[in-house]
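> With the hints as a guide, bring the two chains together.
Spelled out, the chains give:
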Amino acid sequence: MTESVTSAPPADTRAGKPFLEVKDLQVHFPTDDGLVKAVNGLNFTLERGKTLGIVGESGSGKSVSSLAIMGLHKGSKAKVSGEIWLDGAELVSMSVPEMRALRGQQVAMIFQDPLSAMHPFYRVGDQLTEAFLVHNNAPKAVAKKRAVELLDRVGIPSPDKRFFDYPHQFSGGMRQRAMIAMALMCDPALLIADEPTTALDVTVQAQILDLMKDLQKEFNSAIILITHDLGVVAKMTENVVVMYGGRVVESGNVRDIFYRPEMPYTWGLLGSIPRVNRSGDGRLKSIRGTPPSLINLPKGCPFQPRCDYQEHVEGANCATELPELLQIGQEQHRVRCHINSEQRKQLFTEQIKPSL
Amino acid sequence: MSTTTSAEQATGKQAAGGELLLETRGLQRYFPVTQGIIFQKQTGAVKAVDGVDLSIRAGETLGVVGESGCGKTTTGRLVTRLDEPTGGTISFMGSDITHLNRARMRPFRREIQMIFQDPFSSLNPRQTVGTIIGAPFDIQKVKSETGTKKAVQTLMERVGLNPEHYNRYPHEFSGGQRQRIGVARALALRPKLIVCDEPVSALDVSIQAQIVNLLEDLQEEFDLAYLFIAHDLSVIRHISDRVAVMYLGKVVETADRDELYNHARHPYTHALLSAVPEADPDAEERRERIRLTGDVPSPLNPPSGCRFRTRCWKAQEICAAEEPPLMQIGAPGHQAACHFPEERDVV
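The listed protein sequences correspond, in order, to chains A and B. Counting in full-length UniProt numbering, the first sequence runs from 1 upward without gaps. Counting in full-length UniProt numbering, the second sequence runs from 1 upward without gaps.
Here chain B stands alone, though its shape is the one from the complex (with noise of 0.2 Å):
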């Protein structure tokens, strides 16, 4: 789909530059959308993540944020193989998982796991915490040398859960007591990836603190990757090492953190920034606004060319008839597609 520059690859990251871990390279995922009941014809399809190259590397935080329906949490999906592409490659650590069967997919699912967005409905509830966390052994037919038991309860320690409550069922935690038992269960098996989708946005601020320090200690600690797919952007700016922004299946600006929050060049990622509000009455006061009009155009039928251009103020001839590739701009590593960019100041 869109055209791939080795660029991000040789000019990775370099501070926590440890080995590639994943690469996507085209991603795509349709879902179709049929008609008639027993003779279905596909009329069209959903194009949710559109040719999506991302790149992680051992030890490092891809932040992914963009708005509902940008297809954030598909990709999230996808690289976790819980759906399956409908086009481009997955590799991970130098296999390509894009499309292999659920028993040759089991070894790397030890090393990809997934904290979810929802601490209620992400935990079963008839289960008891120790099953919980214990499962991934049982699934992957692990054996702890001090016993599933007792490595489930230094789990539960070290995300700071009462080792006691082994017994207890989900719904005597809390929400963040919950988000940590999915914590716990996503670190089991001592992953290399960890995909959190959404990881805080259901908690409270103070709680959402606790879980996103937690989150970085464990990373120093188990040298984890994380792909933090949130809507929240100064969360993404928090916890990653490098940024990817979505627009209807497209990435249309990826950058390292202090690069794109600093100098971002897309138009989107201006609007996007320019529209949080900064905890600060006297800076909101003076920070100039980029009103966007209207809503995310439907993902069924994107518009021709840039798929932004339905609501960019720079938006001219050119951006309906050619799509803009995604081009290496400003320092290494900073990726726009955009046909008009430019520096702005907005946060």
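Looking at chain A on its own, in the form it has when it is part of the complex (with noise of 0.2 Å):
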């Protein structure tokens, strides 16, 4: 840990500025179909040492909008359009060598599957110490000793034997582990996380979870989150982001999200989760009816045709009309619903929050 090569943030240029920005970012994909409008208009800031969650069910956009922050859509047929602003450079505009330059090194991705991810072929050590080749202009045995180091980091027994092993023959739980070293091996100063820990079992989820939060100590990275499990969110994040059909329908302070949320949506999401610590035996409050296709997304607010509290609405139609994304109270609590806040603060105390 020693040879720390991060890149000595230029933030001085650009001070007061975000470490990252997104704004107003649009992911279209031409199919067949139609035009597949999986991302309209995302906007979010994250600072260093800070964790962002993404929650949202599949199909809200959430993994296509972390690919396009890793430019992993260059070169497909997708659009992308909108700004994507890390540390000083815009990634949208950016040329495919130029944002081979940057990932791995600055932004690196941890993806949800292992087995999939990692290249069966190839030694874990030799995947591991690729990047790092790469990026810098090192022997082979200083990015040996920096897996090694970190593979131990992460909590693999005996590293330097392991170094030279394929990945089947790690377990589920070895193999995320090799899968974040490896996204460490540059110190990135992003590193996105796209649901590290569904296919994982709860005690190993504990760890992989802790390890996660010591390393971005460690390494003073930021870290956004995407998962659809709340309780990985609560525990892991600062900010969180709450997407829907393409849209970010409910955003702000962790504690805004789980106390005091607006958005119907998020009271669903917050309604349908059996809880662990207390047996509830009414039924849960599902969400009636299926996420929207997003090819035919609802001209109003995507939301609406799943919404229960239309009927609060005065003087806005939720069918033809999108709400606006609006900034409620001091905090950066954002909400996008026609019901006005009042109301809805009055509607989650007497009719969510008992039965939560």
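Hints were generated in silico from the structure; no laboratory data involved. Computed from a prediction, not measured in an experiment: that's the story for all the values here. Careful, some of the hints might be misleading.
[Said to hold, decoys possible] Among chain B residues calculated to face chain A with C-beta under 7 Å, some are:
| no. | residue |
| --- | --- |
| 1 | Arg-168 |
| 2 | His-171 |
| 3 | Ser-174 |
| 4 | Leu-189 |
| 5 | Pro-191 |
| 6 | Ser-201 |
| 7 | Val-205 |
| 8 | Ser-206 |
| 9 | Ala-209 |
| 10 | Leu-214 |
| 11 | Leu-233 |
| 12 | Pro-281 |
| 13 | Glu-284 |
We treat Cβ as the ideally placed atom computed from N, Cα and C, and that holds for glycine.
Listed below in structure tokens is the structure:
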């Protein structure tokens, strides 16, 4: 850990600007069936040392936006527009070679399924050192030393021997650890974790999450944590973005989202999870219906077809008018809903909170 | 294998205390590991299920929880006789069904049905929904009074599918809807017991809640018993009457739901419960956490004595030498297999 190669952040030049800023990001895929609007105007900011959680169901656009930050849509048919500012550099307009220089060095990603994310033919050690050798003009021995160090740091027993193993010789938890080690090889300033623990058992999940927290403290990296598990979000993040149908429907401080949510979809999410610390004998508050098709997104509010609170809206039409993502209060708490804020607060305290 | 106490039977859950439906005693499934191609010789055995005692009463839900590789799915497959036990007994409503052949097993298959984890691979893509849900009627040669088609459509309506979609194929449905097809198929012959093997783990949270609610409604309406296998402790807490925690092919602790979650005695149960992140940021900060190290040992060569000892912070010499039996402890029906059981507040 001594020879850390973090590029000294040139933050002075753009003081006051956040480390990562995503502005009006849109990702659309032209397909035979029509244009798939996976992400429609995503905005968020993230500072170093902080963790942002992106929550949503499958098809809400959370993974697609993270791939856009990694620049992995470049060269595909996907149409990406908007701006992504990372430490003074704009990523959307960046060319592939430039992006390649950044990827692995500044931005790294932990994928959901470690078995398919690692190459089965190459030794774990070779896969770990690859990015390091590309980005640093260093001899192989240095790369190996660093890889062994990191494997040890993420808790793999006898790392100097395991360095020569193939991925199939690792267990699921160990593979995920190796993935994290791989992502950390170049001390990235931004780490994107796409459902890093979904495939793992709870005890291993707890180990991996603790590990990510410890490493974040050590390297002061920013983490984007994409998950559908609200427990993981509560444990890991400071700020949360709730996505639905390719749009942000609510964002804010983790406590705002869990204790003072104002968007009916967030209410639905919180109500639909069973809790481990109490026995709810009543029914779960499920959200009726299914997520919208991204080809035929509802004209108005994306959540309108499934929303049970439309009668509280005054002077707007949920089916035809898209509500703005408006800030409420002083904190960075933003909500996209036509119901006025006072009424939403009242609805939450009277109807939703007692049943959570 | 493990000592069988009659305590479980005598003090079984009273609230949902119907007749005893299913009982397993010392249930075992060893998968042989062989070497050689022509002259195969057995070099070992994966002890997937190694002496499991379970009992389920009519109308109740028994939750089985554990990490991957602990044998919970194999247990479910043994109970439905999709797999052949290598030891122990299974009795269903008083009759021994452990080694019944296909023909003699058939009448029991009406009573025991299964819902599978993966709603994509558990439905035949070449068959229409009507054929899939109607298959149990054909196989069991059950004539419905109203005709099979009508019966299937009633079922579809009951589980929340549009009966007009009778002639559609599985690929035309979403994951949640497919799981409803699986539920309708399991429900077709009005079974007494449904084995649910991770029925909601492949679904999104909002859809998961819909299916859990559906399963609960159906249980009430048809007096079903569920053997509910899952790795998600919150779902298990929500749906179960009683819970059994498995580790490496054995039940390490079993109790009524609230007793288990509030007064767990086995260190593995403590570790499991403390590892579940709670959807509550303030509570998350306050919670005590037990960090387990390492992975589950290989079931090919499980540790001597207590199987959890290699990861247990309380392990002493006796744990390696002697296997702790499942003993009655605390409230009636609460059993734990540990040499040093103690209560601890973890959730």
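> Tell me the numbers of any earlier hints that the structure contravenes, in ascending order.
1, 2, 4, 5, 6, 10
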